[in-house]
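J.: Respectively, the protein sequence lines represent chains A and B. Residue numbers for the first sequence follow this note's numbering, so the first one is 1195 and each next one is one higher. Residue numbers for the second sequence follow this note's numbering, so the first one is 261 and each next one is one higher.
Fair warning: there could be bad hints in the mix.
Result set (DSSO-like, lysine-lysine): computed pairs, CA atoms no more than 27 Å apart in a straight line [said to hold, decoys possible]: (1) A:Lys-1369 x A:Lys-1323; (2) B:Lys-870 x A:Lys-1396; (3) A:Lys-1396 x B:Lys-867; (4) B:Lys-859 x A:Lys-1396; (5) A:Lys-1258 x B:Lys-463; (6) A:Lys-1368 x A:Lys-1336; (7) B:Lys-832 x B:Lys-859; (8) B:Lys-831 x B:Lys-859; (9) A:Lys-1336 x B:Lys-343; (10) A:Lys-1396 x B:Lys-463; (11) B:Lys-574 x B:Lys-711; (12) B:Lys-343 x A:Lys-1396; (13) B:Lys-867 x A:Lys-1369; (14) A:Lys-1336 x B:Lys-463; (15) B:Lys-836 x B:Lys-870; (16) B:Lys-831 x A:Lys-1324; (17) A:Lys-1396 x B:Lys-836; (18) A:Lys-1323 x A:Lys-1258; (19) B:Lys-831 x B:Lys-711; (20) B:Lys-870 x A:Lys-1323; (21) A:Lys-1323 x A:Lys-1336; (22) A:Lys-1336 x B:Lys-449.
To be clear, the hints were calculated from the coordinates, so they are not data collected in a lab.
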Amino acid sequence: MVVALYLLDRPLEGGVWVACDCKARAGLGKRFGSPARALRHEVPLDAPFTGRSLRYNWSIMAYKLTVNGRPATVDADADTPLLWVLRDIMHLFGTKYGCGIGSCGACTVHVNGEAIRSCQMTIADTAGKKVVTIEGLSPDGKHPLQVAWQEVDVPQCGYCQAGQILSAAALLAKKPRPTDADIDDALSGNLCRCGTHMSIRKAVHRAASMTPLPVIKPTAKTTAKPTTKPKTGGKK
Amino acid sequence: MNRRDFFKATALIGGGFALGLYSDSETPAQAQTPRPAGLEPSAFIKIAADGSVTLINRAPEIGQGMRTTLPMLIAEELDIDWKSVRVEQADVDPRYGGQFTGGSGGTPSAWEPLRRVGAAARMMLVAAAAQEWGAALSDCHTASGEVIHSATNRKLAYGQLAAKALAMPVPDPATIKLKDPASYKIIGKATGGVDVPSIVTGKPIFGMDVNLPGMLYAAFHKTPVLGGKVVSANTEAVAKLPGVKKVLVVPGNPQIGLESGVVIVAQTWWQAQTARKKLEVVWDEGKWAGYNTSDQAKKAAELLGQAPASTIGKVGDPEAELAKAAKVIEARYEYPLIAHAPLEPQNCTACFKDGKLELWSTSQIPSPGISGAARAVGVAPGDVTMHLLRAGGGFGRRIYNDMVVDAAWVAKELAGTPVKLLWSREDDFAHDFYRPGGWHHFKIGLDASGKTIALHDHFVGYGESGRFVDSGGVGPGEFPCRTIPNYALGHSMVPLAVRTGALRAPGSNTHAFIFQCLTDELAHAAGKDPVAFRLEQLAALEALPANQRGMDIERMRMVLNLVAERSGWGKKTLPKGTGMGVAFYFSHRGYFAEVAQIKVSAKKEIKVEKVWVVGDVGHTIVNPSGAEGQVCGSVIDGMSQLMAQEITLAKGRVVQENYSEHPMVRLNQAPREIDIHFHKSNNPPTGLGEPALPPILPAIANAIFSATGERVRTLPLAKLGYSWG
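Can you make the complete structure from the sequences, with help from the hints?
T.: Following this line, the structure appears as structure tokens:
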């Protein structure tokens, strides 16, 4: 089990404390000159997340949650939306801010397997739960949706696509062979300003066709049954 | 000054070489001067000794695929495999020539020069190999990043030749021979966007993802009324709130587009936004404090009933002909202000240190951002560096660099510390450069046979002192006006209390709706089929002198005929409540004709069943995948404008705050199918960011008439009780 580490540095002016994961800090570009370098910092996948403490303040709590399979401890005000914890504290920038009112879906992540709008869920409500963001959807970026999105060349500007993919992933987890109507229902909460709608439908079907249908395995208590296909077949 | 293009080769550390294309006012002497450390020469190609090829993209990427399309042009003529290409984004530098993405100009402005860059590098590599082998140039050819000696099949990879190629004579751009299109391996092949792997895995590639050590975040609470000023604010109280580092009153400077307001700088953006809720500002709201768009609509309605303030483009005697017409139809059309609202809210990261300003921006047209930012901090433009980040959509909003100027101003106040300025969605809706609205009153005079003999158009638009606001006017050349023997366009104006600007297909996105619906009205008045009537009007236009036609008639006729054929126009029996509508439009050098088949329920719910699009943007579609994406996106964007988008002002303030009040088409509202066909005419390739959008609005509006008999003349349609089914 990995334990989240805190390294409380020196207090800065005004009673501000900064906690920082050394590995993450070491990976940050030393110079400002190259955005690519500054952006390309990557924390090793097995390293624990460690939130940056925002202010030495009694109202701030340490919240424990699991993000992309790794335990994380975050110091933030209770009402800080998960979106801003992910982006500005954990530096997981794949989750996007679009509207802040749960209307556009750009901030969609999975919390305990459900697609939710992270701008509408506070860190306090996320405590103890399992969060999956686009960075953690698959270990190698090869989730069928990620592959299909590339094959269909879905994105235009690309800003909404992480949210689209996570909404689609939650759908496929429940309905491996969705119909057009299923896809429309599941993804209509995600806006795409560029109008990639047609490609999104196509890519979800393509991803579905790549995924083997789950086989219901006999459990210890039941006698063996023939493999059953779920009744969610749709056109490809 | 004559345009002058020339190449310059430069050595790369490690034995590679870079080739730059210089153009316009730059002279060879200037090109020789040493460049600032860390900045490559304006090179488009870098071939390293290990054979890796990096192509530099000069244009900002706002979702139109420039980071893929432009390097494809270079790679094709360089003769390398696309999969071996890495694309690097250029910083803003005048030496790249036109660095912009807008006006559907990316492809046409790059088509010739970037292919020549690739071809020149290939020629130098061939020359290097020929010298190595003691062979004639004509005995060598290239394939997949190698030079091959044709007779002996000896091969040298580009990487092996890179150092030597540097010493070869640089070809004169004017004499370069380009490939025969029949041998294209990259151009014309559907090619996935180079950033798609990063997008689907959530890599931080957007402007909003910039993250610098020690960076602070800024929220900017701007005047809610244009030109308003901060009188006082509780800055001291707000400065004590959690995470807040600094609270700054911005006096505002209209000359550089800096609005007055209060900036809150905090350790996280959420803290800045949270502190903002406690901000109390006393404003001097200025002259627009009592402004309401509803008042202007009333005033426009009055003006439409009067004689226009001015008349232009008069042909014949429309008044006299209207007076003696067998029948006069009067039709009032109107369209609203709308917002761009790209999904990534406006942002810019800036750091001002030791008299130098560094910016990380998503600008569509970056160079005015540099000059504006330089003025905001009081340095020379040469002291400003701008990095270009991928933008989460542009649609014209990022032509304007107000967020860059904002960030620069804040950075100066926090000298030494990088600051990311981020607007909230509400800020973005409140401080746009909106697409302006307008009103038309048409008087259509028909003879006894139903033929239009006179047309009078009184247009009321937003403007003052005889000048329409940016993108807010209309000229007399819109089809089919010139085909009508007696015609006049009158102008009147009402004032507007917001800034306006270009929005995807500016002008065209409203003119197409007005004039292609009007064309439909004239066709029905004459008892003619809308496609047949348009063909007749095109023929009438063709009879006019070329400079009055406003388009290439043959190209338009072709796309219209093709879309009629593909959609089965006039050959289908449609069920009750289902209808087809047609429209065409020429804009941004592109010819598009579109047909929509829709179903309208008794509750006015519209389902778009299928859309057929035929476009002519020249002889080559550089990237068919990107091209189809642009067309689908244009259709859906146009549908969003058609149904429910409208910006209104009350007491000088923009009323709509978020997407819920200015909706876009959602997935369940999108057409079930969009059929796209590109007609390859013998013309150089042109852009696709815009021209497919304008016809979809009138095509659907005309389909509503066909399905229901109701002529819709008001945008958005939601005002008439329509919704998506």
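J.: Which numbered hints are broken by the structure, listed smallest first?
T.: Numbers 16, 17 and 20 - these are the hints that the structure violates, sorted from lowest upward.
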